Amino acid sequence: EVQLVESGGGLVKPGGSLRLSCAASGFTFSSYSMNWVRQAPGKGLEWVSSISSSSSYIYYADSVKGRFTISRDNAKNSLYLQMNSLRVEDTAVYYCARGGTSSPLDYWGQGTLVTVSS
Amino acid sequence: DIQMTQSPSSLSASVGDRVTITCRASQGISNYLAWYQQKPGKVPKLLIYAASTLQSGVPSRFSGSESGTDFTLTISSLQPEDVATYYCQKYNSAPRTFGQGTKVEI
Chain A
1 EVQLVESGGG LVKPGGSLRL SCAASGFTFS SYSMNWVRQA PGKGLEWVSS ISSSSSYIYY
61 ADSVKGRFTI SRDNAKNSLY LQMNSLRVED TAVYYCARGG TSSPLDYWGQ GTLVTVSS
Chain B
1 DIQMTQSPSS LSASVGDRVT ITCRASQGIS NYLAWYQQKP GKVPKLLIYA ASTLQSGVPS
61 RFSGSESGTD FTLTISSLQP EDVATYYCQK YNSAPRTFGQ GTKVEI
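From first to last, the protein sequence lines are chains A and B.
Numbering follows my numbering, with no gaps: position 37 of the first sequence is 37.
Numbering follows my numbering, with no gaps: position 52 of the second sequence is 52.
Possibly wrong hints are sitting among the right ones.
Unchecked claim - Simulated crosslink set (PhoX-like; lysine-lysine; CA at most 25 Å straight-line):
{"#": "1", "chain 1": "A", "residue 1": "K43", "chain 2": "A", "residue 2": "K65"}
{"#": "2", "chain 1": "A", "residue 1": "K43", "chain 2": "A", "residue 2": "K13"}
{"#": "3", "chain 1": "A", "residue 1": "K13", "chain 2": "A", "residue 2": "K65"}
{"#": "4", "chain 1": "B", "residue 1": "K45", "chain 2": "A", "residue 2": "K43"}
{"#": "5", "chain 1": "B", "residue 1": "K103", "chain 2": "A", "residue 2": "K43"}
{"#": "6", "chain 1": "B", "residue 1": "K103", "chain 2": "B", "residue 2": "K45"}
{"#": "7", "chain 1": "B", "residue 1": "K39", "chain 2": "B", "residue 2": "K103"}
{"#": "8", "chain 1": "B", "residue 1": "K103", "chain 2": "B", "residue 2": "K42"}
{"#": "9", "chain 1": "B", "residue 1": "K39", "chain 2": "A", "residue 2": "K43"}
{"#": "10", "chain 1": "A", "residue 1": "K43", "chain 2": "B", "residue 2": "K42"}
Rather than coming from a laboratory, the hints here were simulated on the basis of the structure.
As the structure is a prediction and not an experimental result, all values here were calculated from the model.
Make the full structure from the sequences, and use the hints.
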């Protein structure tokens, strides 16, 4: 059974940093691209970032470019999102999701809440 | 960047009604279009990919179609358990933009 479990969310002040993790199991993690998608309270889904299976290709939404860094460790079956210079508008539930170039997001984690507030 | 415009933003229908949601891409995306269902308080779930291919386990009352840059999600007979917000998403290239969502109520 495919499982994606996010962790690392919490309350952080504007300008602060946070690192999210996503632990994957039930599939060959190193064969799949992975993504982060976020959802602000009461709002729609926003794609944040993607990373290819070997980390060769990395993409970001304009809203986080230069502040967020996606990475992965295939030996640990883990996906990460380093978030720096956090803003109030980054407050959201962050989901990790499996899906690569030319494939949809077929499995999602339960999400982890990030709250940016003073 | 390619924009995804979804309509309507919300709708209310009766049980058994046929419901149609539209998603328009600002440029061609071939058939790299997915539909997701998000029930209140739940994680999004993949319903349809490649514009018209039903994900395994999804009821056959859901269907998708495409016409150029216009994509449609149809629920042939609305059921109470279909109350949710539905999102389209392009996945041919980054950014993998979502539509704004359509909230379906009974």
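Here's how the hints hold up against the structure:
{"no.": "1", "hint": "K43(A) - K65(A)", "in the structure": "holds (21 Å)"}
{"no.": "2", "hint": "K43(A) - K13(A)", "in the structure": "holds (21 Å)"}
{"no.": "3", "hint": "K13(A) - K65(A)", "in the structure": "holds (19 Å)"}
{"no.": "4", "hint": "K45(B) - K43(A)", "in the structure": "holds (17 Å)"}
{"no.": "5", "hint": "K103(B) - K43(A)", "in the structure": "holds (11 Å)"}
{"no.": "6", "hint": "K103(B) - K45(B)", "in the structure": "holds (15 Å)"}
{"no.": "7", "hint": "K39(B) - K103(B)", "in the structure": "holds (10 Å)"}
{"no.": "8", "hint": "K103(B) - K42(B)", "in the structure": "holds (14 Å)"}
{"no.": "9", "hint": "K39(B) - K43(A)", "in the structure": "holds (13 Å)"}
{"no.": "10", "hint": "K43(A) - K42(B)", "in the structure": "holds (14 Å)"}
In summary, the structure agrees with every hint in the numbered list given earlier.
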